[in-house]
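Number of protein chains: 2
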Amino acid sequence: MAGQLTLGIDVGGTKILGLAIDGAGAVLAEAKVATPRVVPAENDDDSGAEAVIEAIADVAEQLRGTLGTEAARLSAAGVGVPGLVADDGTLSFAPNLPGGEGLDVRGRVGRRLGDLRVVVDNDATCAAVGEWTYGAAAGATDAVVVTLGTGIGGGLIVNNRVTRGAHGFAGEIGHMVVDPSGPSCPCGKRGCWERFASGSGLGRLAREAAHAGRLEEVVRLAGGDPEAVRAEDVTAAAAAGDTGAQTVLEELGWWLALGLANLANLLDPALFVLGGGLVDALDLVLEPVRVAFDDLVEGRHRRPEVMICLATLGERAGAIGAGVLARQDDRAGVVGPD
Amino acid sequence: MAGQLTLGIDVGGTKILGLAIDGAGAVLAEAKVATPRVVPAENDDDSGAEAVIEAIADVAEQLRGTLGTEAARLSAAGVGVPGLVADDGTLSFAPNLPGGEGLDVRGRVGRRLGDLRVVVDNDATCAAVGEWTYGAAAGATDAVVVTLGTGIGGGLIVNNRVTRGAHGFAGEIGHMVVDPSGPSCPCGKRGCWERFASGSGLGRLAREAAHAGRLEEVVRLAGGDPEAVRAEDVTAAAAAGDTGAQTVLEELGWWLALGLANLANLLDPALFVLGGGLVDALDLVLEPVRVAFDDLVEGRHRRPEVMICLATLGERAGAIGAGVLARQDDRAGVVGPD
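Keeping their order, the protein sequence lines are chains X and S.
The first sequence begins at 1 in the numbering used here and counts up one residue at a time.
The second sequence begins at 1001 in the numbering used here and counts up one residue at a time.
Treat the hints as calculated values from the structure; they're not laboratory data.
Just so we're clear, the structure is a prediction, and the values are computed from it rather than from any experiment.
Backbone N, C-alpha and C define an ideal beta-carbon position, used for all residues, glycine too.
There could be a bad hint or two in this list.
Claimed, not checked - Partner residues are not named here, just some residues of chain X that face chain S (Cβ under 7 Å, in silico):
(1) N159
(2) C185
(3) C187
(4) R190
(5) R220
(6) L221
(7) D225
(8) D283
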């Protein structure tokens, strides 16, 4: 029996994953539901946001059910949500969870869960805490965990602490502008890093290549329309040996390396951990990414090597990290491996 | 008598400024010498680097002379140098101090100063420590101090600590790439932030405007050659009301705001402090910079305001910060106001 138990609940764009973990990070229960579609409220009706709160509570109840009598050892629940989370647990800005903006996640989940203390944080920060505590970044005093999905999320470990900044919003690495004349981003700017080096960035690079005639076989498999080419078509073709698709992945890798080099210049981490849904595709281009990174970081020949490695907790990283954060009284507290 | 005294010595591109400060930051002595020109050694002759060490020692001796019997209270000296400074006090990478690369500044200055403990750090980090301890960033737990000179240096205050990263190289904000197809940088990359938003960036933007016929009066004053236009010609003309020059300054301001927005997305500081030689020119465009920043930072309408203010210690910031750092046994230690 490793001390207290906590719940960790990761609210993703398509599903909500919940885990019950013990003080050593062992997973004692798992539950999953589809993320309700949140519709922006035109009036006072916030039934959409309410549905998300209900779904989180539903996952928590399932986990308690699985735990049975062990549920009495639960002390707290951590919840990871996409967007900017203020220190008071409110979702301040949520471009990827329409209608969630302004939602008091901590207060409302807290009222549904009754006796459990609730901690709320950004989903990528939770994933970083998970990887830092039990995964690929374990033991690092300075690391950046990069979550590559539809967009790019980030969690910064600086001076052996999770960095949240002055208002809780640090780590929005996907919205670092790397080309002000680049494609528009849902955030309102142009040329954000996640327009190039994420899953949606890969789709865009692929369609550009398709229109330029560099992805003939992939376009044929997608039904002949360059606009129909998706990121997963390219990664599948690249894995099967299509050189055009491999070139597109290398282009993605170059943009990924550019952003990592920027982050290395700013924060000088000992390692980068790459996680998220795009990681399987990255396996194919990890060496080119490392080479491009060395070329792009300042003074590479005079620096110790910066490790670039893949996450090890997979899709559970966010929920595990949320469960770890739930152990702390204060979400700004020091969080390190046990 | 406020406790121990320390020396703070700031090695700049043109001059070396030294101060003796007490534990409350009061300046008790000041000395200044020209920075010797360091010539890259083709062979084992490192007379150039030796000249810099001698000049630092010369400044220290002048300060001791001014202090007189008070010099007995000196415990340590801090030295700020341009470039990447490793944790052992070696200058690892120094594009702005040719021939200084690989120089063991701590060891060599230490041998010349005899009984004084020597701490070495990056010059912009020293300036940040100065502004954080006694200047515009005093009391902030999360702040970024941006030094705008020929290039752009940075000092990051994260979680109430100076951030140095895993190897001591953090804060190289000027080499964040913001346009990969932009102008080349001496660091070897293209489109680094300092190619746009520094003194040399201003000169480049000005010459572009001059060639495009947007700076007729400034070109005339510079002798008729657009290539002869310098940054200071533009700031002088803008201050005198030249609208073409003001437009160039606003362009600089937009690029400055872009980089600040990137840093806010990453680190979520409570404030930015702008220092360095370009600050006087910035006075004219600070409001446009704030407006552009609000437009560029993610989720501005859902964030508390991020302050953007000017440094208050002027050209002394680096030397004062070096003197503050000298008080610590370990340069990675927590450094806060007394």
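Status of each hint after checking the structure:
no. : hint : result
1   : N159 : holds (5 Å)
2   : C185 : violated (9 Å)
3   : C187 : holds (5 Å)
4   : R190 : violated (10 Å)
5   : R220 : violated (32 Å)
6   : L221 : violated (31 Å)
7   : D225 : violated (29 Å)
8   : D283 : violated (25 Å)
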